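Keeping their order, the protein sequence lines are chains A and B.
Numbering follows my numbering, in which position 192 of the first sequence is assigned residue number 195; successive positions increment by one, without gaps.
Numbering follows my numbering, in which position 8 of the second sequence is assigned residue number 14; successive positions increment by one, without gaps.
Source of the hints: derived by calculation from the structure; they are not laboratory data.
The structure displayed is predicted, hence computed values, not measured ones.
Ideal Cβ placement from N, Cα and C applies to all residues, glycine included.
Check before you lean on any hint, since a few could be wrong.
[Stated by the list, open to error] Residues from chain B that face chain A, not an exhaustive set, calculated with beta carbons under 7 Å:
(1) Trp27
(2) Gln59
(3) Asn76
(4) Asp80
(5) Ala81
(6) Val82
(7) Ile83
(8) Val129
[Claimed, not checked] Where chain B lies over chain A, by a calculated footprint (3+ residues, C-beta under 8 Å):
(9) 236-248
(10) 362-374
[As the list claims (entries may be wrong)] Capping the alpha-carbon separation at 20 Å, the derived lysine to any residue pairs in SDA-like fashion look like this:
(11) A/Lys399 to A/Lys47
(12) B/Lys56 to A/His134
(13) B/Lys39 to A/Asp352
(14) B/Lys117 to A/Leu365
(15) A/Lys31 to B/Lys39
(16) A/Lys32 to B/Asp29
(17) A/Lys31 to B/Lys56
(18) B/Lys39 to A/Lys152
(19) A/Lys152 to A/Asp95
(20) A/Lys27 to A/Lys47
(21) B/Lys56 to A/Lys47
(22) A/Lys31 to A/Asp403
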Amino acid sequence: MLKTKKNTFDVDAVRAEFPVLDQKVYGKKQLIYFDSAASSQKPKSVADAVAHYYLYEHANIHRGVHFLSQQATDQYEKVRKKTRDFINAAYDEEIIFTSGTTDGINLVAATFDRAYIQPGDEVIVSGMEHHSNLVPWQMMCERSGAVLKFVPVSDSGEFVFDAYEKLLNSKTKLVAVSHVSNTLGTINPVKNIISKAHDFGAKVLIDGAQSVPHLKVDVRDLDCDFYAFSAHKMYGPTGVGVLYGKKEILNEMPPYRGGGEMIKTVTLEKSTYNGLPHKFEAGTPNIAGVIGLGAAIDFMLRDYVKGAEEHEHEVLQYCEEQLRRHFNEIKIIGEAPEKTGGVSFLLGDLHHYDVGVLLDRLGVAVRTGHHCTEPLMTRFGITGTVRASFGMYNTKDEVDVFIDGLKHAERMLS
Amino acid sequence: MSEINKIQDEIIEEFDLFDDWMDKYEHIIEFAKDVPQISEELKNDSNLVKGCQSKVWLAPEKKGEKLYFNADSDAVITRGIVGLLIRILSGRSPKEIAQADLYALERIGLKEHLSPNRANGLVSMVNMMKSYAQATA
Numbered sequence: 004m005l006k007t008k009k010n011t012f013d014v015d016a017v018r019a020e021f022p023v024l025d026q027k028v029y030g031k032k033q034l035i036y037f038d039s040a041a042s043s044q045k046p047k048s049v050a051d052a053v054a055h056y057y058l059y060e061h062a063n064i065h066r067g068v069h070f071l072s073q074q075a076t077d078q079y080e081k082v083r084k085k086t087r088d089f090i091n092a093a094y095d096e097e098i099i100f101t102s103g104t105t106d107g108i109n110l111v112a113a114t115f116d117r118a119y120i121q122p123g124d125e126v127i128v129s130g131m132e133h134h135s136n137l138v139p140w141q142m143m144c145e146r147s148g149a150v151l152k153f154v155p156v157s158d159s160g161e162f163v164f165d166a167y168e169k170l171l172n173s174k175t176k177l178v179a180v181s182h183v184s185n186t187l188g189t190i191n192p193v194k195n196i197i198s199k200a201h202d203f204g205a206k207v208l209i210d211g212a213q214s215v216p217h218l219k220v221d222v223r224d225l226d227c228d229f230y231a232f233s234a235h236k237m238y239g240p241t242g243v244g245v246l247y248g249k250k251e252i253l254n255e256m257p258p259y260r261g262g263g264e265m266i267k268t269v270t271l272e273k274s275t276y277n278g279l280p281h282k283f284e285a286g287t288p289n290i291a292g293v294i295g296l297g298a299a300i301d302f303m304l305r306d307y308v309k310g311a312e313e314h315e316h317e318v319l320q321y322c323e324e325q326l327r328r329h330f331n332e333i334k335i336i337g338e339a340p341e342k343t344g345g346v347s348f349l350l351g352d353l354h355h356y357d358v359g360v361l362l363d364r365l366g367v368a369v370r371t372g373h374h375c376t377e378p379l380m381t382r383f384g385i386t387g388t389v390r391a392s393f394g395m396y397n398t399k400d401e402v403d404v405f406i407d408g409l410k411h412a413e414r415m416l417s
Numbered sequence: 007m008s009e010i011n012k013i014q015d016e017i018i019e020e021f022d023l024f025d026d027w028m029d030k031y032e033h034i035i036e037f038a039k040d041v042p043q044i045s046e047e048l049k050n051d052s053n054l055v056k057g058c059q060s061k062v063w064l065a066p067e068k069k070g071e072k073l074y075f076n077a078d079s080d081a082v083i084t085r086g087i088v089g090l091l092i093r094i095l096s097g098r099s100p101k102e103i104a105q106a107d108l109y110a111l112e113r114i115g116l117k118e119h120l121s122p123n124r125a126n127g128l129v130s131m132v133n134m135m136k137s138y139a140q141a142t143a
């Protein structure tokens, strides 16, 4: 469905929704929040939806016969439909609510092998994965006797496609790759990655934690088998996320956790399981979180948010330009032509921790360290980076203040 | 007053001179430059106090009745704070070290460097200093 796209983005209208940004820290420094890749800030509409739910609408869902329970169930299931539309999935039951990206990946890693993996089969991940899209596969391979293979990362921070093609073979059963690297900002060519894997009959899981906040995601166009993302990085609440999975594959996979909601019948000896999506949603879910996720999706579809992608791209490009212009010693880690979300860098031989601590005292919140991608740090021969990452509320003016702060930190540390 | 608390009070007085945060950090960075370098061979894995972001190496040494610490970090600010801790604790008796109440960092407003959130290895370093002291007391 192609809509005529009119850029109606209005950064002032966006910022007005985020009261957290309008504050001074350490007494007198205007807060500049450049850590949205770790977690985005929340618009008032999301906080209001969660508060309203708790104050006026709360009851446990699905089994209640009373008014509040039915109303809460209705709202919860409406968000499932809304999420389906948001990522263009084919069926409601392909949307599994989880506690976040990590939980979604763990769900697949805990159950996929039982239906699809034999000892000696192969699983492919890339060298730029967040630990959340690496450790669960290590665990799955250890349990199932599958072998984990790695796609190298180029000097510019890109997925080496040729090497990937060479790794694929008839033993490959699963490929797990991030859509956007949390450390490098690289946008991976996931559509091609998926279609190549499918040529060998392998399934593909995409870690969408860093892409959903910035890019329009269409799971049917991508033809991915799984797509996992978190609400809290896309302006929604913490503790809630989504696992999309193709219906026929999810149906093959056994349940993840046992408990209420996920059963059809239970005797003391044995249970039969509920159908999708409830099979994978044992226990009382994060109802308020799901309601908040619905509000976050509404927020991302507002008129004044249309065109946020272009705005974020401009801020990112401006930031990289300014870093290069003002610092001779700058080393940008991740120079792929297609990037979004943020920039990782080092300033000469200054330690990322020192730079981060001083920027913080100047009011600028950045993240420092290995960003949960230790193998990637090893690949680049470094222990960490400073990462400035952006949300739609960030501006070029903020980048200027950040650059001044960085100059100040450089002077102090040199 | 114990020697440890005397030094802590001295440090608090030094830092009282600075109103501005950046001046405090400036002082810590200056202080870091004066911390005696530890030899490269002591920067080994068994002396590494692994923090999430900055590395800290700690090498204790008992001379007579006193416990001495050599330590270093790959980050300048951490190194400065490590230097402060050494100034407070090194060269004291194991008993004094084990019982020390380290209030100076909180009083000069650097408490967050000791919080687990900072994950810079300093919490582990203080714990290690105290457990060496307990072991040799």
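Results of checking the hints against the structure:
With a least beta-carbon distance of about 5 Å to chain A, the hint placing B/Trp27 at the interface is held under the 7 Å criterion. A cut of 7 Å between beta carbons decides the hint on B/Gln59: the least distance to chain A is about 4 Å, and the hint holds. Nearest Cβ of chain A to the Cβ of B/Asn76: about 20 Å, over the 7 Å cut. The hint is violated. For B/Asp80, the interface hint holds, the least distance from its beta-carbon to any beta-carbon of chain A being 6 Å, beneath 7 Å.
Of the supplied interface hints, the one on B/Ala81 holds, with its beta-carbon coming within about 4 Å of a beta-carbon of chain A, less than 7 Å. At about 5 Å, the closest approach between the beta carbon of B/Val82 and any beta carbon in chain A falls short of 7 Å, and the interface hint on this residue holds. At about 5 Å, the closest approach between the beta carbon of B/Ile83 and any beta carbon in chain A falls short of 7 Å, and the interface hint on this residue holds. Hint status for B/Val129: violated, given a least beta-carbon distance of 14 Å to chain A, over 7 Å.
Residues of the stretch 236-248 of chain A with a Cβ under 8 Å from some Cβ of chain B number 0, which does not satisfy the need for three, so the listed coverage is violated. With 5 residues bearing a CB less than 8 Å from a CB of chain B, the stretch 362-374 of chain A meets the requirement of three and the coverage assertion stands. The suggested pairing of A/Lys399 with A/Lys47 is violated, with an alpha-carbon distance near 23 Å, which exceeds 20 Å. For the hint linking B/Lys56 to A/His134, the alpha-carbon distance of about 18 Å falls within 20 Å, and the restraint holds.
Taking the CA atoms of B/Lys39 and A/Asp352, the gap is near 16 Å; set against the 20 Å cutoff, the hint holds. Note on B/Lys117 and A/Leu365: the hinted pairing holds, with a Cα-Cα distance of about 18 Å set against a maximum of 20 Å. With a C-alpha separation of about 29 Å, the suggested pair A/Lys31 and B/Lys39 falls outside the 20 Å cut-off, and the hint is violated. Of the supplied pair hints, the one linking A/Lys32 and B/Asp29 holds, its CA atoms being roughly 15 Å apart against a limit of 20 Å.
With a C-alpha separation of about 34 Å, the suggested pair A/Lys31 and B/Lys56 falls outside the 20 Å cut-off, and the hint is violated. Straight-line distance between C-alpha atoms of B/Lys39 and A/Lys152 comes to about 45 Å, which puts the hinted pair past the 20 Å bound. At roughly 33 Å between alpha-carbon atoms, A/Lys152 and A/Asp95 are farther apart than 20 Å, so this suggested pair is violated. The hinted pair formed by A/Lys27 and A/Lys47 meets the criterion: a straight-line CA distance of about 19 Å does not exceed 20 Å.
Of the pairs offered as hints, the one joining B/Lys56 and A/Lys47 is violated, with about 40 Å between alpha carbons and a cut-off of 20 Å exceeded. Between A/Lys31 and A/Asp403 the alpha-carbon distance is near 18 Å, which keeps this suggested pair within the 20 Å criterion.
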